[in-house]
Amino acid sequence: MNRKWLRWLPAVAVPAVIAAGALAGSLPASAGDPLPPKTPEQVLQLIAQHREPALSGTLEQSSELGLPGLPKSAAGSDSSSNAWLELLTGPHTARVYRDGPDNARIQVMDRLAERNAIRHGNEVWFYNSKDNTASHVQLPTDAAGRPQHDSARDVTATPDQLAAMLLAKIEPGTEVKVGADVQVAGRAAYNLVLTPKSDATLVGSIAVAVDGQTGLPLGVEVTARGQSDPAFRVAYTSLTLGAPDASVFAFSPPPGATVEELPVPEHKHANDAGKATAPAAKDGARKPAVTGSGWDSVVEFPAGTTAPASDATALLEQATVPVQGGRLLSTALVNVLVLDDGRVVVGSVPVERLQAAAAQK
Amino acid sequence: MLCALAAIPVLISVAVRVSSAVPPGRGPAFLDRIAQNGLFVGVTALVVSVPLFLPLTVGVVAGDTIAGEAGQGTLRYLLVAPAGRIRLLIVKYAGTALFVVVAPLVVALTGAGIGSALFPVGPVTLLSGDTIGPGEAVVRLLLIAAYLAVSLLGLSAIGLFISTLTDVPVGAMAATVVLSVVAQVLDALPQLEWLHPWLFSHYWLDFGDLLRQPVSWDSFAVNALLQGGYIAFFGALAYGRFITKDVLS
Numbered sequence: 001m002n003r004k005w006l007r008w009l010p011a012v013a014v015p016a017v018i019a020a021g022a023l024a025g026s027l028p029a030s031a032g033d034p035l036p037p038k039t040p041e042q043v044l045q046l047i048a049q050h051r052e053p054a055l056s057g058t059l060e061q062s063s064e065l066g067l068p069g070l071p072k073s074a075a076g077s078d079s080s081s082n083a084w085l086e087l088l089t090g091p092h093t094a095r096v097y098r099d100g101p102d103n104a105r106i107q108v109m110d111r112l113a114e115r116n117a118i119r120h121g122n123e124v125w126f127y128n129s130k131d132n133t134a135s136h137v138q139l140p141t142d143a144a145g146r147p148q149h150d151s152a153r154d155v156t157a158t159p160d161q162l163a164a165m166l167l168a169k170i171e172p173g174t175e176v177k178v179g180a181d182v183q184v185a186g187r188a189a190y191n192l193v194l195t196p197k198s199d200a201t202l203v204g205s206i207a208v209a210v211d212g213q214t215g216l217p218l219g220v221e222v223t224a225r226g227q228s229d230p231a232f233r234v235a236y237t238s239l240t241l242g243a244p245d246a247s248v249f250a251f252s253p254p255p256g257a258t259v260e261e262l263p264v265p266e267h268k269h270a271n272d273a274g275k276a277t278a279p280a281a282k283d284g285a286r287k288p289a290v291t292g293s294g295w296d297s298v299v300e301f302p303a304g305t306t307a308p309a310s311d312a313t314a315l316l317e318q319a320t321v322p323v324q325g326g327r328l329l330s331t332a333l334v335n336v337l338v339l340d341d342g343r344v345v346v347g348s349v350p351v352e353r354l355q356a357a358a359a360q361k
Numbered sequence: 001m002l003c004a005l006a007a008i009p010v011l012i013s014v015a016v017r018v019s020s021a022v023p024p025g026r027g028p029a030f031l032d033r034i035a036q037n038g039l040f041v042g043v044t045a046l047v048v049s050v051p052l053f054l055p056l057t058v059g060v061v062a063g064d065t066i067a068g069e070a071g072q073g074t075l076r077y078l079l080v081a082p083a084g085r086i087r088l089l090i091v092k093y094a095g096t097a098l099f100v101v102v103a104p105l106v107v108a109l110t111g112a113g114i115g116s117a118l119f120p121v122g123p124v125t126l127l128s129g130d131t132i133g134p135g136e137a138v139v140r141l142l143l144i145a146a147y148l149a150v151s152l153l154g155l156s157a158i159g160l161f162i163s164t165l166t167d168v169p170v171g172a173m174a175a176t177v178v179l180s181v182v183a184q185v186l187d188a189l190p191q192l193e194w195l196h197p198w199l200f201s202h203y204w205l206d207f208g209d210l211l212r213q214p215v216s217w218d219s220f221a222v223n224a225l226l227q228g229g230y231i232a233f234f235g236a237l238a239y240g241r242f243i244t245k246d247v248l249s
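Listed in order, the protein sequences are those of chains A and B. If you read the first sequence in the working numbering, its first letter stands for residue 1, the second for the next number, and so on. If you read the second sequence in the working numbering, its first letter stands for residue 1, the second for the next number, and so on.
FYI, nobody ran anything at the bench for these hints, they're computed from the structure. Glycine included, C-beta positions come from ideal geometry on N, C-alpha and C. Be careful, since some hints might not be right.
As the list claims (entries may be wrong) - If the Cβ cut is set under 7 Å, some of the chain A residues that face chain B in the computed set are:
1. Arg-3
2. Trp-8
3. Ala-11
4. Val-14
5. Lys-38
6. Gln-107
7. Asn-116
8. Ser-129
9. Val-137
10. Leu-139
11. Ala-180
12. Glu-221
13. Arg-225
14. Phe-232
15. Gly-256
What the hints assert, rightly or not - Pulled a few chain B residues facing chain A out of the computed Cβ check, cut under 8 Å:
16. Leu-199
17. His-202
18. Gly-240
Unchecked claim - Here are the simulated distance ranges between beta carbons:
19. B:Ala-188 - A:Trp-5: 49 to 57 Å
20. B:Trp-198 - A:Ala-359: 49 to 57 Å
21. A:Asp-341 - B:Pro-123: 41 to 49 Å
22. A:Gln-42 - B:Pro-28: 48 to 56 Å
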């Protein structure tokens with residue numbers, strides 16, 4: 001009998017070894033050489049001095065915003081607003097290629113599908129494999145006419161763009177400090193932690209991982225107040241510095257694809273007769289009103305500025321809950337209050353403050 | 001069984017051929033591309049057969065390995081020969097592995113063959129929007145078949161283990177197939193997100209990564225590692241069970 005149990009020994013040993021290996025693999029790798037200590041100002045300088053790099057890497061984004069998860073089949077394929085919403089819910093993996101300011105490609109990798117945004121010089125292409133459609137934008141050739149927010153990067157923002165946006169918000173109301181070093185994509189990085197001093201905001205803290213060597217922001221984590229897991233996270237999982245293969249940026253629409261020419265996003269000439277959309281609606285008297293300052297600020301859009309697309313209305317009905325005076329879209333980081341009179345009040349504050357701000361007008 | 005698998009691409013291509021144009025974004029992935037390029041029949045057939053048909057056939061083959069011999073009463077004669085139980089187990093698993101390699105290959109190649117017979121063949125559009133020539137597309141198709149072969153090795157190891165537990169081959173087959181379905185159901189539940197990377201079926205449909213430009217090898221590597229773990233785990237269990245099993249009485 002004893003002999004029989006001895007023979008089971010290898011059968012028990014192998015699973016044990018596998019379990020041990022899996023456990024060891026899941027532990028975070030210990031940091032290699034510690035980075036020289038730096039003050040927040042020095043880390044900010046490190047970010048500021050980094051140049052548009054040539055890189056290729058893989059980004060991973062995950063959101064725990066408390067939004068209802070959209071069914072995968074419904075999102076992405078039908079309307080662009082749904083596809084945009086779908087990026088905010090659930091995890092995503094994207095590959096990023098950049099070579100200087102004029103060459104960029106982002107591939108959002110879905111299961112058995114892919115969304116692409118490619119910029120090569122002045123040509124910008126969007127391609128969605130799910131419905132085999134391509135869109136093309138020809139940017140103006142003069143450098144001055146280049147839109148500030150390059151639409152090629154709007155699909156999934158890379159960490160450095162997000163960091164620049166967030167760091168611009170640094171002001172007296174924020175406590176900035178450098179936390180313990182972190183490992184992102186196998187690289188040692190400074191961890192710049194921004195904590196709002198105000199108690200009224202929903203944002204608990206924002207952590208930006210800054211590569212210790214190049215100053216390239218490697219990841220952004222936004223944590224809601226009172227939560228331990230980040231509500232929104234974008235970080236590289238792998239990163240290779242150096243110019244990617246030039247053929248990556250070359251794109252021509254595949255045969256059989258539906259190609260659509262998009263108008264050039266003009267910011268200067270808002271008097272285009274054909275476009276009565278966002279740019280025209282934003283200027284002049286219908287400007288959104290901001291109350292409060294810093295982290296507690298509440299933005300109020302007057303009625304009519306944000307007419308939701310017809311197919312998005314049903315989605316909005318599902319995602320919002322009725323509250324006093326309107327409907328509330330509540331996420332971990334931002335609350336949106338759609339009032340019954342059509343006004344929309346947005347703020348990273350609890351709903352009571354939104355209602356108070358709405359009542360003032 | 002291989003003929004049944006080969007019937008899937010034939011059915012798909014005939015159905016697309018006789019019906020009107022498929023609107024993009026409906027039905028299984030790549031279905032709308034078939035009419036433009038016959039090589040997509042192979043890919044579509046693989047997409048269709050991954051959730052059920054391939055695991056079903058693998059479950060039948062793997063579940064039959066030991067339990068089939070035991071059920072027919074031939075197992076004791078095999079073990080009378082001075083070959084050793086370990087060797088028998090390895091040979092049985094090698095036979096299953098051979099089927100696992102051949103099955104997706106049959107689906108892919110039959111699909112490509114019937115597709116190129118019924119539809120035009122031209123440059124293939126990848127998920128990234130880039131196009132490659134038909135020759136490279138066939139290479140990608142073979143890579144996908146290899147990916148699926150690797151993916152199913154874990155399931156066949158599970159089937160081998162279950163097969164050592166019982167003398168009823170049908171029970172072992174059914175248990176293996178049910179396990180693969182259960183794993184896919186668990187994979188679809190967002191509440192069990194922590195479990196998903198450990199399910200042997202989690203990366204099955206990620207063979208789309210081989211249709212990107214440039215090819216993303218990450219899922220291939222992580223899938224191979226996972227399946228290797230399953231093979232080692234259930235191979236060891238099958239060894240322990242089979243070596244101590246009372247066959248001769």
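Tested hints:
1. Arg-3: With Cβ-Cβ at 9 Å, over 7 Å, it is violated.
2. Trp-8: Cβ of Trp-8 of chain A sits 5 Å from chain B, so the hint holds.
3. Ala-11: Holds, about 3 Å.
4. Val-14: Holds. Min distance 3 Å.
5. Lys-38: With a minimum Cβ separation of about 33 Å from chain B (threshold 7 Å), the hint on Lys-38 of chain A is violated.
6. Gln-107: 6 Å, holds
7. Asn-116: 5 Å, holds
8. Ser-129: 4 Å, holds
9. Val-137: Since chain B brings no Cβ nearer than about 15 Å to Val-137 of chain A, farther than 7 Å, the hint is violated.
10. Leu-139: 19 Å, violated
11. Ala-180: Hint on Ala-180 of chain A: violated, closest Cβ of chain B at ~25 Å, above 7 Å.
12. Glu-221: Check failed: Cβ of Glu-221 of chain A comes no nearer than 18 Å to chain B, outside 7 Å.
13. Arg-225: Because about 24 Å separates Arg-225 of chain A from the closest Cβ in chain B, which is outside the 7 Å limit, the hint is violated.
14. Phe-232: Violated. Min distance 17 Å.
15. Gly-256: Holds. Min distance 5 Å.
16. Leu-199: 14 Å, violated
17. His-202: 11 Å, violated
18. Gly-240: 3 Å, holds
19. B:Ala-188 - A:Trp-5: 49 to 57 Å: At roughly 40 Å between Cβ atoms, Trp-5 of chain A and Ala-188 of chain B fall outside 49 to 57 Å, so the hint is violated.
20. B:Trp-198 - A:Ala-359: 49 to 57 Å: Since Trp-198 of chain B and Ala-359 of chain A have Cβ atoms about 51 Å apart, the given range 49 to 57 Å holds.
21. A:Asp-341 - B:Pro-123: 41 to 49 Å: 56 Å, violated
22. A:Gln-42 - B:Pro-28: 48 to 56 Å: Taking Cβ atoms as reference, Gln-42 of chain A and Pro-28 of chain B lie about 54 Å apart, which means the hint holds.
Taken one by one, the earlier hints fail for this structure at numbers 1, 5, 9, 10, 11, 12, 13, 14, 16, 17, 19 and 21, listed in ascending order.
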